[in-house]
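Asker: Sequence:
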Amino acid sequence: MQDPPRPATGYPYPYPYPNPQQPPPTNGYPNAATGTAYPYQNHNPYYAPPQPNPRAVIIRRLFIVFMTFLLILGLILFIFFLVVRPQLPDVYLNSLSVSNFNVSNNQVSGKWDLQVQFRNPNSKMSLHYDAALCAMYYNRVSLSETRLQPFDQGKKDQTVVNATLSVSGTYVDGRLADSIGKERSVTGSVEFDLRMISYVTFRYGAFRRRRYVTVYCDDVVVGLPVSSVSGKMVGSDKRCKTY
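First residue of the sequence shown: 1, per my numbering; consecutive thereafter.
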């Protein structure tokens with residue numbers, strides 16, 4: 001009895017064993033029914049990923065430099081103001097007198113002589129005051145105004161400024177005139193408000209900072225009975241508010 005023939009060794013089987021449940025491939029492409037595909041391989045060894053836009057890189061770097069500059073500048077200013085600490089001036093109304101005061105027929109006349117003292121509380125900064133607008137009010141209504149001469153102040157200096165405001169026959173509302181007359185008849189005095197506005201420059205070496213400063217001296221009581229046309233401020237000097 002002869003043995004069955006054996007397949008020849010050294011040569012692989014030309015085709016894989018067929019799968020009865022899988023249809024054969026067509027046209028040499030992978031079978032779409034199985035969802036299998038050959039993995040993609042890049043056969044181009046010279047391919048390189050896309051490079052970033054040079055303009056976008058420059059803009060991004062400039063933005064970083066700008067933000068860093070702002071941060072450093074803000075830190076320097078913070079340290080500077082923490083050390084120097086600029087303070088607004090202290091203002092005192094030393095005296096206020098009224099003469100030739102008259103209210104009749106909705107008209108007001110009078111002259112106000114006042115003395116104001118400015119104090120620089122800064123030990124490291126000098127001050128410069130531009131021409132200040134000085135106005136006298138009653139119940140938020142301006143009666144007269146004038147301008148003060150510009151002046152300088154050294155560190156911790158004090159400056160006394162005299163001013164005169166006058167008005168002659170200016171028209172006021174009837175209710176305002178009645179309010180002044182009633183206040184004089186009841187209390188024998190009138191409460192005036194003094195306002196001053198100026199640009200003040202803070203100086204520290206080469207540093208300059210200019211800001212708007214407003215001074216309020218409110219409710220200044222002046223003894224002014226009905227039988228008199230003149231009077232003086234009641235009490236001692238009055239500290240004003242500065243903003």
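In short, the hints are calculated from the structure, not lab data.
The beta-carbon is built from N, C-alpha and C at its ideal position, and this holds for glycine as well.
Hints are supplied without guarantee of correctness; some may be wrong.
[As the list claims (entries may be wrong)] Distance windows between CB atoms, simulated:
#, residue 1, residue 2, range
1, Gly74, Asn139, 38 to 48 angstroms
2, Leu70, Asn100, 12 to 22 angstroms
3, Arg147, Lys232, 48 to 58 angstroms
4, Phe78, Gln51, 33 to 43 angstroms
[As the list claims (entries may be wrong)] Within a straight-line C-alpha distance of at most 27 angstroms, the following computed DSSO-like cross-link-like pairs (lysine-lysine) qualify:
#, residue 1, residue 2
5, Lys241, Lys111
6, Lys232, Lys124
7, Lys232, Lys182
8, Lys155, Lys241
9, Lys155, Lys238
10, Lys182, Lys238
11, Lys238, Lys111
12, Lys238, Lys156
13, Lys182, Lys124
14, Lys156, Lys124
15, Lys232, Lys155
16, Lys182, Lys156
17, Lys111, Lys155
Asker: Does each hint fit the structure? Answer for all of them.
Answerer: Here is how each hint holds up against the structure:
1. Gly74 <-> Asn139: 38 to 48 angstroms: Distance hint for Gly74, Asn139 holds at roughly 44 angstroms.
2. Leu70 <-> Asn100: 12 to 22 angstroms: 59 angstroms, violated
3. Arg147 <-> Lys232: 48 to 58 angstroms: 24 angstroms, violated
4. Phe78 <-> Gln51: 33 to 43 angstroms: 41 angstroms, holds
5. Lys241 <-> Lys111: Judged against 27 angstroms, a Cα distance of about 24 angstroms means the pair holds.
6. Lys232 <-> Lys124: Measuring from Cα to Cα gives roughly 37 angstroms; hence the hint is violated.
7. Lys232 <-> Lys182: Answer holds: Lys232 to Lys182 is near 19 angstroms, not above 27 angstroms.
8. Lys155 <-> Lys241: Holds. Lys155 to Lys241 sits at ~20 angstroms (cutoff 27 angstroms).
9. Lys155 <-> Lys238: 23 angstroms, holds
10. Lys182 <-> Lys238: 25 angstroms, holds
11. Lys238 <-> Lys111: 20 angstroms, holds
12. Lys238 <-> Lys156: Holds, because 20 angstroms separates the two Cα atoms, which is no more than 27 angstroms.
13. Lys182 <-> Lys124: 49 angstroms, violated
14. Lys156 <-> Lys124: Holds, at roughly 9 angstroms.
15. Lys232 <-> Lys155: With a Cα-Cα distance of about 32 angstroms, the restraint between Lys232 and Lys155 is violated, given a limit of 27 angstroms.
16. Lys182 <-> Lys156: Roughly 44 angstroms between the alpha carbons, so the hint for Lys182 and Lys156 is violated.
17. Lys111 <-> Lys155: Measuring from Cα to Cα gives roughly 34 angstroms; hence the hint is violated.
Hints 2, 3, 6, 13, 15, 16, 17, counting from the list given before, are not met by this structure.
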